[in-house]
Amino acid sequence: MMQAPLLAARSLTKSFDGFVANREISLDLNKGELVSIIGPNGAGKSTLFNMLSGCLSPDSGSLMFKGIDLIGVPTHRFVRCGIAKSFQITSVFPALSVLENVCAAVQAVDRPFDIWTRRSCLRQHVEKATGILADVGLVDKRHARADSISHGEQRSLEIAIALASDPELLLLDEPTAGMSPEETRSVISLVERIRSSRTIALVEHKMKLIMEISDRIIVLHQGEVLAVGTPATIQMDENVKRVYLGTGRGGRQ
Amino acid sequence: MKAEMTKGRAPSAIGRVRLQARAWREVVQRHQLLLLVICLAIVPILLPFTSLAILILVFGLFAAAFNVLYGYAGILSLGHAALFGTGAYTCGILIVRFGLTWPLAVVCGAVAAGLLGVAFAFLSLRVRGVYFAMITLALGQCVFFAAFQASSWTGGDNGLRDVVVPPFGVGGFTVNMVDPLVRYYVILLFVTLALWFLFRVLSSPFGLTLEMIRENETRARSCGIDVVGAKRLAFVISGVISGMAGALYAIHLSTVPLETLSLNTSGQVVMMVLLGGMGTFSGPFVGAAVFLIAEHVSDIVAYWQTIVGLLFISAVLFFPKGIWGSLLALGERR
Amino acid sequence: MEYTFALLLQQAMTGLALGAIYVLSALGLSLIFGMLNIVSFAHGAFFMVGAYVGAVVLTHTGSFALAVISAFAAGYGVGALSERLLVRRLYGQGINYPLLLTFGLAYVLVDIVRMIFGREGTTVATPAVLRGAIDLGFGTFPIYRVFLIVFTACLLSITWFAIERTNWGLIIRAGSRDSSILRILGIDVSRVWLITFGLGTALAALAGILAAPIRGANPEMGGTVLAEAFVVTVLGGMGSLAGTAMAGCLAGLVVSMTTLFAPEFADLSLYMLMAGVLLFSPNGLFARVRTA
Chain R
1 MMQAPLLAAR SLTKSFDGFV ANREISLDLN KGELVSIIGP NGAGKSTLFN MLSGCLSPDS
61 GSLMFKGIDL IGVPTHRFVR CGIAKSFQIT SVFPALSVLE NVCAAVQAVD RPFDIWTRRS
121 CLRQHVEKAT GILADVGLVD KRHARADSIS HGEQRSLEIA IALASDPELL LLDEPTAGMS
181 PEETRSVISL VERIRSSRTI ALVEHKMKLI MEISDRIIVL HQGEVLAVGT PATIQMDENV
241 KRVYLGTGRG GRQ
Chain G
1 MKAEMTKGRA PSAIGRVRLQ ARAWREVVQR HQLLLLVICL AIVPILLPFT SLAILILVFG
61 LFAAAFNVLY GYAGILSLGH AALFGTGAYT CGILIVRFGL TWPLAVVCGA VAAGLLGVAF
121 AFLSLRVRGV YFAMITLALG QCVFFAAFQA SSWTGGDNGL RDVVVPPFGV GGFTVNMVDP
181 LVRYYVILLF VTLALWFLFR VLSSPFGLTL EMIRENETRA RSCGIDVVGA KRLAFVISGV
241 ISGMAGALYA IHLSTVPLET LSLNTSGQVV MMVLLGGMGT FSGPFVGAAV FLIAEHVSDI
301 VAYWQTIVGL LFISAVLFFP KGIWGSLLAL GERR
Chain L
1 MEYTFALLLQ QAMTGLALGA IYVLSALGLS LIFGMLNIVS FAHGAFFMVG AYVGAVVLTH
61 TGSFALAVIS AFAAGYGVGA LSERLLVRRL YGQGINYPLL LTFGLAYVLV DIVRMIFGRE
121 GTTVATPAVL RGAIDLGFGT FPIYRVFLIV FTACLLSITW FAIERTNWGL IIRAGSRDSS
181 ILRILGIDVS RVWLITFGLG TALAALAGIL AAPIRGANPE MGGTVLAEAF VVTVLGGMGS
241 LAGTAMAGCL AGLVVSMTTL FAPEFADLSL YMLMAGVLLF SPNGLFARVR TA
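Protein chains in written order, with the numbering used here: chain R, 1 to 253; chain G, 1 to 334; chain L, 1 to 292.
Heads up, a few of these hints could be off.
Unchecked claim - Which bits of chain L does chain G cover? Going by a derived footprint, with three or more residues having C-beta under 8 Å, they are:
#1 81-94
#2 157-168
#3 222-236
#4 266-273
Just so you know, these hints were derived from the structure itself, not from any lab. Bear in mind that the values here come from a model prediction, so they are computed numbers and not experimental data. Where is the CB? At the ideal position from N, CA and C, for every residue including glycine.
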């Protein structure tokens with residue numbers, strides 16, 4: 001018997017000034033799986049991610065997560081429900097140190113409005129943050145200002161901030177963008193390490209990578225779902241091949 | 001403390017100096033409150049103009065309160081004089097009209113300003129960016145004109161007069177507030193309490209929440225912060241302390257001039273915070289001191305306002321971290 | 001006092017004249033913000049500079065037209081100089097720093113004017129040709145105020161035409177959305193910015209001299225004017241010419257009517273209007289541009 005999906009989106013639609021970015025998108029994310037969302041540029045992947053993470057509200061459609069209706073829920077509540085997203089364009093807290101960045105995210109779901117406890121006494125936050133930084137390989141740089149570390153390190157910090165809230169559903173928007181092959185490998189191994197305890201949705205352009213690690217793949221094209229299936233199925237799908245070959249851009253890498 | 005050097009090589013002379021500077025910086029930051037209070041306590045000994053020193057105390061506290069909103073949360077309010085002035089007038093009116101004992105009047109002044117802060121927050125936080133700054137300015141003007149109109153309560157253009165604190169006894173000693181030195185240390189007591197409160201707030205999780213909002217509001221929201229709620233709370237905290245500063249100002253001057261509510265005063269506190277160093281704990285006091293000493297020096301050098309204005313412009317262009325902030329940044333790991 | 005219909009109409013006209021001044025003040029501010037994304041905190045100071053320069057020229061030459069022209073030129077000159085030396089360095093650094101810079105600039109400008117002209121204000125006489133009153137059917141009304149209304153209406157039309165129908169206006173509209181487009185088209189962006197800023201400050205100075213026969217000139221006037229311009233801009237919605245015009249008229253009417261019925265609240269009424277509108281419509285009455 002099929003378990004109810006962790007996240008169920010039905011007919012999500014989003015337009016901007018007449019341009020339909022996402023049209024009637026329906027998808028399920030099942031607990032524990034790693035789903036990749038791929039598609040040519042402009043297919044609407046980031047818009048979809050923004051809706052799933054609460055950064056944008058859909059014009060129409062429904063979004064259920066663990067049986068909770070997420071339509072109309074303000075952005076800052078999504079994290080408390082258990083959904084976290086790492087941003088496509090690096091979005092960290094520049095003047096704060098790497099450690100403070102993650103501590104801030106850890107504390108944001110614990111006691112952001114506490115005006116009396118001394119932060120220095122909250123050892124558990126620091127420990128948890130340091131643990132996450134160890135996972136992403138940034139422990140050595142933890143006292144550096146976030147705007148002083150390399151681009152690849154900032155991308156890792158992105159992921160660390162998203163992990164800080166211990167999300168059940170982790171949305172990674174192009175986590176390896178701009179990274180060297182070495183850095184990409186370490187991010188992918190991180191993803192492999194954490195996937196057993198979480199559900200992950202990934203937007204990426206590196207086809208080989210996606211085919212290797214995904215349980216399922218969802219292909220978007222011009223704002224709509226083109227195909228859904230396992231990597232094997234998708235690779236043989238005629239529509240997908242046409243769309244990718246037709247635009248002259250196969251998978252990158 | 002990790003050393004800032006590539007592994008294996010001995011630190012150069014510059015590296016050693018940097019390490020030392022960082023060590024000093026960390027000591028200072030950990031004991032900021034204590035060091036600041038000690039500095040403030042010895043100011044009257046260094047500065048023969050006690051009245052000026054009291055102004056530095058009062059405006060320094062006001063600037064520190066403003067700093068919570070601007071330096072830590074990144075919110076630029078251009079009508080903050082309304083909070084300062086509300087504290088001053090409330091305290092003054094309670095003493096003059098209702099004969100309330102002055103420490104209580106000071107507290108009530110702070111509370112009244114806090115309430116005004118709630119109203120301001122509610123009206124102005126509905127919009128963002130540029131609009132927000134404009135609305136706070138207009139709201140500040142609103143309060144200014146309201147006070148001007150209510151002259152039977154506030155004295156209008158002439159200000160509120162005779163806010164007198166009679167001599168009182170403490171443990172056998174008579175404390176006479178007419179003596180500036182005595183007044184300085186009594187006010188310092190209140191300022192220390194207020195600063196301690198601010199210090200606790202800024203070193204609490206909420207303090208980090210505010211910094212998150214300043215650094216990246218969108219990301220803060222995605223991390224789970226109710227940004228509007230946080231800004232409101234910051235406004236209230238800033239309001240309460242600004243009001244206390246205003247009340248202490250009233251006690252010091254024994255009058256409340258209408259000027260305390262003016263756009264000029266709103267602008268001055270912005271200048272003080274920028275000059276001193278936004279987002280640092282002691283910066284506001286440094287800025288207040290620089291600003292007020294420059295004003296004092298105007299007795300010798302006319303048109304100090306041009307000098308301060310030019311200094312301010314250079315600060316914005318060349319050292320936006322402010323004087324204290326730039327000092328602290330020396331030796332910071334980059 | 002008898003509130004006859006004629007009296008009400010007359011007060012309404014006064015309101016329109018006041019609205020004209022508000023609109024003139026807000027116009028330059030809106031232009032600078034729309035194009036450069038800068039809130040010029042020196043706007044009130046430029047208004048004041050215009051009033052003083054105009055007053056001086058009027059005293060020395062007796063020609064109001066010359067006073068207006070020189071005020072406009074002075075506003076442009078000082079503004080362009082400020083842009084080139086100071087403001088230019090802060091583009092792209094967010095909203096707060098330019099705001100603070102212009103605040104400091106205002107501080108300096110006010111003090112310089114004080115240095116030259118002293119702390120006391122000065123009055124400016126209504127130009128002879130515009131003195132007196134005209135019979136509007138429901139009562140006599142000062143000619144100068146009619147002139148203000150007509151002048152502002154014309155200026156608004158010219159501005160609208162310039163922005164909507166000329167190439168230059170096209171550049172401004174395109175540039176306010178995305179300045180890189182201008183660069184790609186080979187247009188010297190920094191010159192566009194310089195001219196825009198200069199025009200904005202020139203408009204403020206123009207407003208200053210035009211308002212001078214009614215408001216006089218004193219070094220401190222900038223603060224009030226700035227606040228008024230802000231209120232009108234917030235009410236009308238940034239970047240909307242029609243919005244600014246309508247908001248200015250509304251504001252002028254509200255203030256003048258309050259002066260008639262409850263004079264103690266006249267100063268306050270403008271800000272109460274703003275607070276009231278914001279409670280129900282946070283983006284202003286006619287906003288066309290998204291906030292933040």
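Against which earlier hints does the structure fall short, listed by number upward?
-> As far as the earlier hints go, only 2 is violated by this structure.
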